[in-house]
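Chemist: Order-wise, the sequence lines are chains A and H.
In this text, residue positions in the first sequence follow the working numbering: the first is 1, and each later residue adds one.
In this text, residue positions in the second sequence follow the working numbering: the first is 307, and each later residue adds one.
Fair warning: there could be bad hints in the mix.
[What the hints assert, rightly or not] Straight-line distance between alpha carbons at most 20 Å, and here's what the computed SDA-like set of lysine to any residue pairs gives:
(1) H:K484 <-> A:T213
(2) A:K216 <-> H:G483
(3) H:K453 <-> H:P531
[Stated by the list, open to error] If we take Cβ atoms under 10 Å as the criterion, some of the chain H residues that face chain A in the derived model are:
(4) P455
(5) Q461
(6) L465
(7) H468
(8) A522
(9) P529
(10) L543
(11) L547
(12) V623
These are computed hints drawn from the structure, not numbers from a lab.
C-beta atoms are modelled at their ideal positions from N, C-alpha and C, and glycine is treated no differently.
As a plain string of letters, each chain reads:
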Amino acid sequence: MARAQEIANQAERKDIRNRWILSAPALLIILFAATGPLLIVLVYSFLTPGPYGDVKWQFSWDAWTSVLLERDIFDDTLSLADAHLSILWRSVRLALGTTVLTALFGFPTAYFIATRPAGSRDIWLFLITIPFWTNLLIRTFAVLEIIRNEGIVNSLLIKLGVIQQPIQMLFTDFAIMIGMVYVYLPLMVLPLYASMEKIDFRLVEAGYDLYATRFKVLRRIIFPLVKPGVIAGSILVFIPSLGAYVTPSVLGGGKNMMLGNLIELQFGQGRNWPLGGALSITLMLIVMVALLAYVRNAGTAEVRHG
Amino acid sequence: MILAVPSGARQGEVTGPEMLHGAPQQQNAADPIIRLPTPVAYADNQVGTKLPSVQRASLWGVGVSASTGRNAIDVREVRKVFGAGEGQVTALDTVSVSIRENEFFTLLGPSGCGKTTLLRLIAGFEFPTDGQILLYGEDIALLPPFKRPVNTVFQSYALFPHMTVAENIGFGLEMLGKSRAEIDSRTADMLKLVQMEQLAKRRTSEISGGQQQRVALARALAPQPKVLLLDEPLSALDYKLRKEMQIELKQLQHETGITFIFVTHDQEEALTMSDRIAVMSAGKILQIGSPHEIYEHPAERFVAGFIGETNFLQAEVATLSDGRATVTLPSGRQIKAGVPDRFEPRGTVSLAVRPELAQLAPADDKATLTGVVNHLVYLGTDTHFHVRLDSGETFIVRRQNSSGGVSDIAIGDRVGIMVGESAAQIMKD
Chain A
1 MARAQEIANQ AERKDIRNRW ILSAPALLII LFAATGPLLI VLVYSFLTPG PYGDVKWQFS
61 WDAWTSVLLE RDIFDDTLSL ADAHLSILWR SVRLALGTTV LTALFGFPTA YFIATRPAGS
121 RDIWLFLITI PFWTNLLIRT FAVLEIIRNE GIVNSLLIKL GVIQQPIQML FTDFAIMIGM
181 VYVYLPLMVL PLYASMEKID FRLVEAGYDL YATRFKVLRR IIFPLVKPGV IAGSILVFIP
241 SLGAYVTPSV LGGGKNMMLG NLIELQFGQG RNWPLGGALS ITLMLIVMVA LLAYVRNAGT
301 AEVRHG
Chain H
307 MILAVPSGAR QGEVTGPEML HGAPQQQNAA DPIIRLPTPV AYADNQVGTK LPSVQRASLW
367 GVGVSASTGR NAIDVREVRK VFGAGEGQVT ALDTVSVSIR ENEFFTLLGP SGCGKTTLLR
427 LIAGFEFPTD GQILLYGEDI ALLPPFKRPV NTVFQSYALF PHMTVAENIG FGLEMLGKSR
487 AEIDSRTADM LKLVQMEQLA KRRTSEISGG QQQRVALARA LAPQPKVLLL DEPLSALDYK
547 LRKEMQIELK QLQHETGITF IFVTHDQEEA LTMSDRIAVM SAGKILQIGS PHEIYEHPAE
607 RFVAGFIGET NFLQAEVATL SDGRATVTLP SGRQIKAGVP DRFEPRGTVS LAVRPELAQL
667 APADDKATLT GVVNHLVYLG TDTHFHVRLD SGETFIVRRQ NSSGGVSDIA IGDRVGIMVG
727 ESAAQIMKD
């Protein structure tokens with residue numbers, strides 16, 4: 001008996017050791033490539049900017065105060081930094097908008113794929129992922145080509161006589177959102193599909209059988225079952241949208257900045273690394289708060305559901 | 307049951323709980339005893355309380371059912387073709403059947419015979435290629451399922467995993483726009499009916515298969531459908547539980563007076579539960595009749611072979627007079643045989659003889675058939691003798707085992723077989 005117990009203990013210890021060995025490479029990468037730089041950014045955000053874009057080792061709260069506030073150059077009073085606030089607000093607004101739109105477009109798409117015969121689903125999924133093969137910059141310029149003043153949409157509308165003057169779509173928030181929806185749609189479709197594919201469609205039949213109309217089946221049966229996919233997809237879309245850099249800089253034209261562009265500006269032309277660091281940490285905090293709120297909300301809804 | 311017998315209830319009849327669990331038998335009808343719910347241990351260790359049948363029947367405000375002769379469902383020349391062109395499959399080939407009100411009607415057949423397709427057409431999950439489906443005279447063939455007062459118990463149960471047991475049961479009523487109070491009270495009644503009160507708040511993933519089956523049943527019955535469709539609902543249960551549920555279901559149908567259409571491939575299940583059975587094969591209905599008719603007078607060779615065990619013999623028709631024929635066996639002996647309605651057998655025909663309707667006898671001139679025993683199958687209650695006939699065919703005789711009976715017949719023995727007056731039946735091929 002004792003011996004059997006000993007062997008079992010040994011096996012378990014070995015099992016635990018193996019698990020650590022196997023996960024060591026990933027842990028090392030996370031430690032050196034993510035946690036390390038993050039700490040550097042955090043430390044820099046409490047230092048004073050150097051004249052050539054580096055930092056002077058001198059403690060200062062300045063970077064953090066200037067995330068939301070600005071110091072008047074004449075009387076040194078603090079007031080809200082309107083520019084930063086509007087960028088922050090635009091980032092959150094566009095990221096939320098992108099999440100909602102990708103969910104709206106992604107849901108029917110994923111439903112369509114999930115209801116195809118098993119053999120042809122792979123082809124549809126393959127088609128969905130094709131845009132990923134192309135460089136993000138090229139895809140963004142493709143959107144630019146479509147919506148610019150002399151682009152396909154405007155010239156077609158003018159030729160048809162619907163409008164006389166081209167509609168200004170490029171360099172607006174609308175343009176940024178179109179670009180982001182286009183770029184991030186697959187990130188919504190794939191997790192939605194993954195959870196829809198698991199649905200037993202006999203449940204849908206059972207819903208119809210119990211007098212639920214198509215809309216009610218969607219709302220009361222399909223949606224609750226796909227909710228984990230909606231949450232996963234929303235997280236996958238919201239996070240990169242909030243920190244998006246390429247899309248707003250191409251389609252927003254430098255005038256309509258988002259947080260990513262502001263951060264880049266501080267590390268680049270602005271030569272204010274501490275502010276860049278403080279803004280980066282701020283972005284991370286927003287994401288974390290949003291995530292926590294979302295997950296908690298979704299969690300309670302799951303228990304409470306009607 | 308003794309005190310408040312609703313009109314139409316048959317007194318003194320053995321009902322569900324007693325039948326199932328062998329409680330003391332019928333009370334004297336004059337005996338003034340109020341029957342209390344009997345605690346019952348279920349196969350899945352769930353202790354429930356059985357409702358007296360009167361209480362259960364009163365949930366529907368109807369008495370114990372008796373077929374009224376009205377048709378609940380009329381299926382008229384329905385065809386269903388899946389696919390198109392080369393890959394076209396005819397699942398139902400011009401099927402017509404009428405199902406009476408309050409009837410326990412079973413569609414029986416091997417897999418792929420079209421029985422589930424017919425059920426799905428009645429439920430509204432598929433639409434017929436041709437033909438009509440009438441529900442109390444109204445054509446519902448093209449209505450979506452949520453507009454038909456018909457509910458289904460699915461083979462897989464299809465319970466909603468994100469809802470509790472009670473929410474599952476109340477779902478149909480909720481969709482019908484019933485008030486909260488009505489939904490709650492009806493759900494409570496249904497929970498009581500299937501003895502699931504204690505588990506009302508559980509998720510459907512947290513209960514056993516047998517309990518899921520009960521919830522599926524309660525969910526389908528809650529909206530008081532005009533017809534209840536059951537798609538092999540017992541096939542996932544273990545043998546013992548299945549046996550119990552068969553009687554329970556039959557009882558429930560009897561008490562609620564709802565028309566049940568039951569699909570199964572299990573002939574024993576069909577015989578146990580049904581008022582009438584339709585035997586299907588390859589998209590057609592071969593025969594419709596009571597279990598007795600189907601078993602005793604199968605009209606076709608397929609039916610005889612599918613329901614129970616049957617011996618088939620080749621024979622020549624000698625004479626034919628009012629429903630009886632005299633046929634000549636290969637050995638030259640002549641015997642009498644029954645003939646299906648509206649059928650005039652000619653020339654060589656198939657003859658069916660049930661194993662229990664033939665007797666073993668000495669291999670002398672009086673025996674209808676003779677052969678050598680080449681196999682014995684002991685089945686507890688009876689023994690099957692596989693006899694290789696002189697004509698080369700194999701014939702099975704079933705004999706009930708007598709007490710302490712050691713078989714006097716061994717493999718290799720030469721035996722005779724007696725086929726009685728009404729044992730042989732001529733089959734349509």
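Chemist: So, for every hint listed, does it hold in this structure?
Modeler: Hint check results:
1. Straight-line distance between C-alpha atoms of H:K484 and A:T213 comes to about 15 Å, which keeps the hinted pair within the 20 Å bound.
2. Proximity of A:K216 to H:G483 is assessed by CA-CA distance (about 12 Å); at most 20 Å being required, the pair is judged to hold.
3. The straight-line distance between the Cα atoms of H:K453 and H:P531 is roughly 11 Å, inside the 20 Å bound, and the hint therefore holds.
4. For H:P455, the interface hint holds, since its Cβ comes within 10 Å of a Cβ in chain A; the closest pair sits about 9 Å apart.
5. About 9 Å separates the beta-carbon of H:Q461 from the nearest beta-carbon of chain A, less than 10 Å, and the hint is met.
6. For the restraint placing H:L465 at the interface with chain A, the shortest Cβ-Cβ distance is roughly 8 Å, inside the 10 Å limit, so the hint holds.
7. Against a cut-off of 10 Å between C-beta atoms, the interface hint on H:H468 holds, since the closest Cβ of chain A lies about 5 Å away.
8. Interface hint at H:A522: satisfied, since its Cβ lies 9 Å from the closest Cβ of chain A, which is below the 10 Å cut-off.
9. Contact between H:P529 and chain A, as hinted, is supported at the beta carbon level, the nearest pair being about 7 Å apart and thus within 10 Å.
10. This hint is violated: H:L543 has a C-beta 18 Å from the nearest C-beta of chain A, more than the 10 Å allowed.
11. Interface restraint check: H:L547 against chain A, minimum CB-CB distance 22 Å, threshold 10 Å, status violated.
12. The restraint placing H:V623 at the interface with chain A is violated, with a minimum CB-CB distance near 50 Å, outside the 10 Å limit.
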